[in-house]
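Visitor: Listed below are the residues making up each chain.
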Amino acid sequence: MLEINDIQRDYITEVLNISMGSAASVLSEMVNEEVALSVPEIDFLQRNIAANKFDQTSESKMSGVTQSMSGALSGDALLMFPEEKTLSIVRILLGESVSVENLTEMEQEAMCEIGNIILNAVVSSVANILEQEIVSSLPRFIKGTGKEIYAVDAGNEDLVMFIKVDFGLESQSINGYVTMMLNVDSLQNFMTQLDEQIHAI
Amino acid sequence: MPSDGKRNSRCTAMQESDHLFEKVLDLSENGLFLIDSERKIVLWNEWMVKASSIERDEAIGFTFSEVFPALAGKRVASVINAALDSRTASLLSRSLNKAIFPLFFAGGNGEKHRIEQSVTVKPIRSNGDDYCLVQITDVTSMVQREEVLKVLAKEAEEALHAAEDVSRFKSEFTSTVSHELRTPLTSIRGSLGLVSSGVMGALQPEVNKLIDIAYSNTERLLFLINDILDIDKIESGNMSFVMEAVDLMPLLKQAIEANQPYGDQYQVHYCLKEEVAQGIKVHADRDRLMQVFNNLLSNAAKFSSENSDVEINVIQKGGMVRVEVKDSGIGIPLKFQSRIFEKFSQADGSDTRKVGGTGLGLSISKAIMEMMKGAIGFATEEGKGTTFYIDLCLYDAEKVT
Ligand SMILES: Nc1ncnc2c1ncn2[C@@H]1O[C@H](COP(=O)(O)OP(=O)(O)O)[C@@H](O)[C@H]1O
Ligand SMILES: [Mg+2]
Numbered sequence: 001m002l003e004i005n006d007i008q009r010d011y012i013t014e015v016l017n018i019s020m021g022s023a024a025s026v027l028s029e030m031v032n033e034e035v036a037l038s039v040p041e042i043d044f045l046q047r048n049i050a051a052n053k054f055d056q057t058s059e060s061k062m063s064g065v066t067q068s069m070s071g072a073l074s075g076d077a078l079l080m081f082p083e084e085k086t087l088s089i090v091r092i093l094l095g096e097s098v099s100v101e102n103l104t105e106m107e108q109e110a111m112c113e114i115g116n117i118i119l120n121a122v123v124s125s126v127a128n129i130l131e132q133e134i135v136s137s138l139p140r141f142i143k144g145t146g147k148e149i150y151a152v153d154a155g156n157e158d159l160v161m162f163i164k165v166d167f168g169l170e171s172q173s174i175n176g177y178v179t180m181m182l183n184v185d186s187l188q189n190f191m192t193q194l195d196e197q198i199h200a201i
Numbered sequence: 001m002p003s004d005g006k007r008n009s010r011c012t013a014m015q016e017s018d019h020l021f022e023k024v025l026d027l028s029e030n031g032l033f034l035i036d037s038e039r040k041i042v043l044w045n046e047w048m049v050k051a052s053s054i055e056r057d058e059a060i061g062f063t064f065s066e067v068f069p070a071l072a073g074k075r076v077a078s079v080i081n082a083a084l085d086s087r088t089a090s091l092l093s094r095s096l097n098k099a100i101f102p103l104f105f106a107g108g109n110g111e112k113h114r115i116e117q118s119v120t121v122k123p124i125r126s127n128g129d130d131y132c133l134v135q136i137t138d139v140t141s142m143v144q145r146e147e148v149l150k151v152l153a154k155e156a157e158e159a160l161h162a163a164e165d166v167s168r169f170k171s172e173f174t175s176t177v178s179h180e181l182r183t184p185l186t187s188i189r190g191s192l193g194l195v196s197s198g199v200m201g202a203l204q205p206e207v208n209k210l211i212d213i214a215y216s217n218t219e220r221l222l223f224l225i226n227d228i229l230d231i232d233k234i235e236s237g238n239m240s241f242v243m244e245a246v247d248l249m250p251l252l253k254q255a256i257e258a259n260q261p262y263g264d265q266y267q268v269h270y271c272l273k274e275e276v277a278q279g280i281k282v283h284a285d286r287d288r289l290m291q292v293f294n295n296l297l298s299n300a301a302k303f304s305s306e307n308s309d310v311e312i313n314v315i316q317k318g319g320m321v322r323v324e325v326k327d328s329g330i331g332i333p334l335k336f337q338s339r340i341f342e343k344f345s346q347a348d349g350s351d352t353r354k355v356g357g358t359g360l361g362l363s364i365s366k367a368i369m370e371m372m373k374g375a376i377g378f379a380t381e382e383g384k385g386t387t388f389y390i391d392l393c394l395y396d397a398e399k400v401t
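First to last, the protein sequences are chains A and B. Note that our numbering has the first sequence beginning at 1, numbered continuously upward. Note that our numbering has the second sequence beginning at 1, numbered continuously upward.
No wet-lab data here; the hints were simulated from the structure. Where a beta carbon is used, it is the ideal one built from N, C-alpha and C, also for glycine. Possibly wrong hints are sitting among the right ones.
[To be verified] The calculated lysine to any residue pairs, modelled on SDA-like cross-linking and capped at a C-alpha distance of 25 Å, are: (1) A:Lys143 with B:Arg145; (2) B:Lys74 with A:Ser137; (3) B:Lys154 with A:Ala36; (4) A:Lys85 with A:Leu130; (5) B:Lys74 with A:Lys143.
[Unchecked claim] Stretches of chain B that chain A covers, calculated by requiring three or more beta carbons in the stretch to come under 8 Å of a beta carbon on chain A: (6) 85-91; (7) 94-101; (8) 139-146; (9) 372-381.
Build the full structure now, drawing on both the sequences and the hints.
Guide: Below you can see the structure in the form of C-alpha cells.
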C-alpha cells in the first residue's frame, strides 16, 4: 500500500493550489462572480474506498466530468459532485434556475467546461511535478452511483489520488472531488518524481 | 532505385489524397481550422469561409491574432496556447461563452444572424510537430429548442401554482362555510332541545316526535361539520396538539361512561375487562385521545348485534400501551378493509343504511394517532366481530424533558 507523508502532501497541495488559483480566476471572469478554489485534502485511496468517500455510501448518486490522460501518465481524471450539488453549481454559475431534475444538454456542456478548466489545472500541476508531458482529452459528462463510476467490484484495490476541492462561491461553498485514476506504474513514477523535486529544494 | 515513373505516380497519389482530404473537410458541418506551433493558421475549411466571410487566402499563413485581432488575450486564445504548449484539450461551452467567434449565417431576407457556438480545442502531434485543431459547432437551433423548453417548463410551473391557489381557495372556502354553519346550527339545536324538554310547555306527542327528529338531525349535521373541520385542519397541517402526560385509566373510564347512553340505543354494554396499573401515564393530547376513544366506542356499538357486550382491554407492552375495543358485530368485509381509513369511506355507502355516520371518524382517528406517534389497527372476522386497537407511547418523563 502506497503511503504519502506530510512533506509530500504539503508539496502537492501547494502546487495544486497555485494552479487552482489560476483556474479560479478564469472561472470568476467567465461567470462574473468571485469563485475561489482550494485544495483542502489529498489522499491516496483504494478505489472502493474512494467510491464511498463522496457521500455516505457508494450507492449515492453523483455526477460530474471525466477526461482521459495519456503520455507520461495514463488513466482518467474525474471531477465529481453529489448529484444535487452539480445542480447548485450550474444554477449558481449560470444564474439559471434548473428546476428540472435533469440538466439539459446545454447545461451539461457548461458543466463539462467548468470541469475541463479544473481538471486541466490539476493535470498540468501533475505534469509540472513530473516535468513531463500529459495529454488530456476533451471532457465528458457522467453520472451514476459512486460504485458505477469507479467501476468498483469487490476486491478492486487499485489506488487513486483523491483530491477534495473546495468551491468557494459568493453564496455558498461546495465540495467537489477530483480523482486521478492512475495505473500502478504511473503512480510509482509520480511518487519517485515527487521525491526528487522535494529533494531538489 | 525506383524509376521516375513510379515516384511520380506516388506523388500524384499523395496529392490526390490531400485533395480528397480537403474535400472532406470542406463538406464538414462544423467549422474547422488548424494552427501550427508558430500560431499560424495552416488549414481553414469551407464552413469557416462561409461563416466568417474570411477567404482561405486571407487566413492561411496568418497568425491567429492577425485573423482575429479582437480575440487576443481572450480565453479562446489562451486555451489555444495551452493546447500547443502543454497539450491539453479544452471545451468552450455556449452557455458560459457568448458567441466566441464573430461568425454569422445569412437569414432568408438578407439579414445576418450571429451563430451560437460551442468550440473545442484539441492538440495534435504529427511528425514531431505540434498543432492545434479548433472545431466549431453551430448550436443555434439547440439554443432555440432549449429556450422553447424553458418557456414550456415555466408555463407548467405557473399552471401548477394556479392549481395550488385553487386548492387553497377550496380549503379556505370549506373552513369558512363550516364555521358559518356551525354557529346557527348550534343555536337551532339549543332551541330544539329546550322545546323538546317541555320547559316551554307540554307538546302534542306528534309534535314532540317531529321535534326529536329535527334535534337528532341537527346534531348529525353538527358532527359532520366538526369532522369536516378536523379533516381540513389535518390536511392543511393546522391541527395543533398539546402533548402531555395523560392519566390513561380515568380518561378511558370517562369515555366509556359518556358513550354508554349511545350504546344503550343499540342495547350494547361496554365493559372494561383488562386494566393496567392505576396511575399509568401516556404521552398524548387529552382531547384528541378522547376523540379517538369516542369514535372507536361508538363504532363498536353501531356495528354490533343487539344485546351484546363490547369488551375493552388495556395491555402494556414495553414502552407502549395498547387499548383494544372488541365487539362481536358484523365484522369488516375483506374488500373494504384496505379502504377503511380513507375519508368518507363506509362499508355500507347506500342511502338506506341503518346507522348514521360520515365515514370520517377513522380517517381522523388515524391522523391523530400518527401525529401522537402512536398507531391504530384492527383485526376482524366477518360475521364474528372486530377488534380495533390503538397503541400509545408510555409517558417517559426523562425522555420528554
Ligand atoms: N367496529 C366496526 N365493525 C364493523 N365495521 C366498522 C367498525 N368500525 C368501523 N367500521 C366500518 O368503517 C366505516 C368507517 O368508520 P368511521 O370512519 O368511523 O365512519 P362512520 O362511523 O362515520 O361510518 C364504517 O362506516 C363501517 O363500515
Ligand atoms: Mg365512526
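Visitor: State the violated hints by number, sorted upward, taking the hints as numbered earlier in the document.
Guide: Per hint list: 3, 4, 5, 9 violated.
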